[in-house]
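If you're matching them up, the sequences are chains F and B in order.
Take 1 as the starting number for the first sequence in this note's numbering and just add one per residue.
Take 1001 as the starting number for the second sequence in this note's numbering and just add one per residue.
Wrong hints could be hidden among the right ones.
What the hints assert, rightly or not - Computed footprint of chain F on chain B; a stretch qualifies when at least three of its residues, placed anywhere within it, have a C-beta under 8 angstroms from a C-beta of chain F: (1) 1253–1263; (2) 1302–1313.
Said to hold, decoys possible - With a Cα cut of at most 20 angstroms, we get these calculated EDC-like pairs of lysine to aspartate or glutamate: (3) Lys96(F) <-> Glu43(F); (4) Lys96(F) <-> Glu115(F); (5) Lys1271(B) <-> Asp131(F); (6) Lys96(F) <-> Glu155(F); (7) Lys1367(B) <-> Glu1290(B); (8) Lys1271(B) <-> Glu115(F); (9) Lys1271(B) <-> Asp73(F); (10) Lys1367(B) <-> Glu1424(B); (11) Lys1367(B) <-> Asp1393(B).
Rather than coming from a laboratory, the hints here were simulated on the basis of the structure.
Being a predicted model, the structure only gives us computed values, none of them experimental.
Beta carbons are placed, not taken as given, at the ideal position from N, Cα and C, and that holds for glycine.
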Amino acid sequence: MRVVIAEDAAVLREGLSRLLADRGHEVCAAVESGEALLAAVAEQEPDVVIADIRMPPTHTDEGLLAALDIRRDYPFVGVLLFSQYIETRYTARLLKSGAGGVGYLLKDRVANVAEFVSALERVAAGGTALDPEVIAQLLRRPDPGLASLTPREREVLGLMAEGRSNAGIAAALVLSGGAVEKHIASIFSKLALEPQGADNRRVLAVLRYLEP
Amino acid sequence: MMDRAWRMTVEVFRAPFTRRAWRELAYCTLGAVTGAAGFVVVVAILVPALIISASIVGTVLGLLMVVFALRFARLLGELHRRLSRMVGGERISAPPLQSAAGLLGRLDRRLRDREGWRAVGYAEVKLPVAIVQWYAVVATGIGLMDCSYPLVWLLFRNHPAGTRLSPLQAVVPVPYGHLAISTWPGTFAAALIGAASVLAGVWLARGITVVDRRLVRALLGPSRVSELERTRALVVEDSAMTLRRVERDLHDGAQVRLAAIALNLGMAQEKTRDTTVLDLLHAAQTGVAEALADLRRIARGIHPPVLDAGLADALASLAAASPVPVTVAVDLPARPSPAIEGIAYFCVAELLTNAIKHSAASRIEIKSYTERMWLLLRVTDDGRGGAEITGGDGLAGLRERASTVDGSLRLSSPPGGPTVVEVELPMSVYGGDR
């Protein structure tokens, strides 16, 4: 993997570089601001970016803004937000940018190197890596989108949450495969999930279903 | 003792020859004119205004005239503040003029303009002061004229003996104070009276200037209350800044160091197969993770990072963390000041916690909007109601917190619900606006 790191704390920037180099990944740039990150991505076109959220100059959400820019301009570059805290609003904005190739992890997670690197690899490959904390917050989120689903669509969503495939859902509800696909497409559109990587949309739809 | 009396005597007689005396006389001349004129104008606007506004038809016109009179008195006050600097008065800053949104809001704010009314007060007490100032100037002027008589006599009355001339009139600035002088030696008496008159005028000018300066300071300077409001605003905003800085220091300091330790422990774990070492590393990692979680919780209590993104995001974030469905509607055309945002956030957080813990609500609604430069927060829940503000509980604490910035908290919670709590805060700490 070719990785760009944006982190304003030198000790973490260097630590991450060493950790990734140890595992045989190439760190092609390690920068300390959102602006420098955008420049590095334009120059290096890496597989994945690790971005701290709070960076100079304002120390508020530079990393998130840069991440959203990267998602828009370089959709093939995975973005892993790497922060001291999980903020639901940031999660929502990140996920709205498209479900695939994004991640949001607490900095604490580097403690488990193997898991951290595999999460990074997943994001680079177009998957998602959400912190358990993110999932916990998403599960609590009330959503008006769910209210708009028909009873049949809720059934389909429930089966998706159980982990069934389209064929499995069709069998359980005695429907044709095409009908199931139509329901799923309708669920995605009602929950406003952008058409990007069907697997991730499934995950997100299920996450919403799991809310209280 | 004798020495001191002598020095004082010298001081008394020397006064007319000092620059200070003439500055004070000039000040009295200008002050007498502006003071009397200002009094007349203020009274001429204010009295009819109050009479008109007592009638139903004329209320609006009358109140507008009152507002005009207040503005005029403020301008007059500015003139008098500047004049008083001429005689060594300290530089007094003009009291701030408060603004408000909406026609009625502005009218209301203008009518309750405490500093404006104090300026009106100054314009009123300035009349007797102006009279005394004028008297001091006149006494000095007449005295000077009287002093010149021996010279005038020599220059213009040097006629041959036996010529009949009308007597020179020496004026003494007291009632019936006329003195007819027909001989040259007599003019020395006039000159003596003149000198006394100048002395009296100069010292009267000095005395009334001291009085006037005190009045300017007391009525045209910022009042104690507005001083306190200003410094309180500084303190409240400053403490908000401090909290934010503390949170940032934690974020860039201790939290980074701990994260780096977690990373190094993780890498160390990869390098060893020794189970004892692995156990120790694992224990260390657990400790670091707990410390980081603690710090996160503390930082959130000091200054939640999401507040940087504004109240709308911050309230939505609170709602998202609630196990009870919460709807949030935020309509704020402008951002409140950081201190107000902080108070608003922690108020809503506490109200949400209350609703979830005590009221068994199934739905909670947060509304935030502005009304006449005030930030309103309304938290409604459909729970069992019956909440009360008692000493020492959360609601009383919130009410205290709101009152530190002149905000207020209202509770409506009939048994059976719904519970509505309304918090009203100024958009910034200085009395509703700045």
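How the hints compare with the structure:
no.	hint	verdict
1	1253–1263	holds (count 7)
2	1302–1313	holds (count 5)
3	Lys96(F) <-> Glu43(F)	violated, 26 angstroms
4	Lys96(F) <-> Glu115(F)	violated, 25 angstroms
5	Lys1271(B) <-> Asp131(F)	violated, 25 angstroms
6	Lys96(F) <-> Glu155(F)	violated, 25 angstroms
7	Lys1367(B) <-> Glu1290(B)	violated, 35 angstroms
8	Lys1271(B) <-> Glu115(F)	holds, 16 angstroms
9	Lys1271(B) <-> Asp73(F)	violated, 39 angstroms
10	Lys1367(B) <-> Glu1424(B)	holds, 12 angstroms
11	Lys1367(B) <-> Asp1393(B)	violated, 23 angstroms
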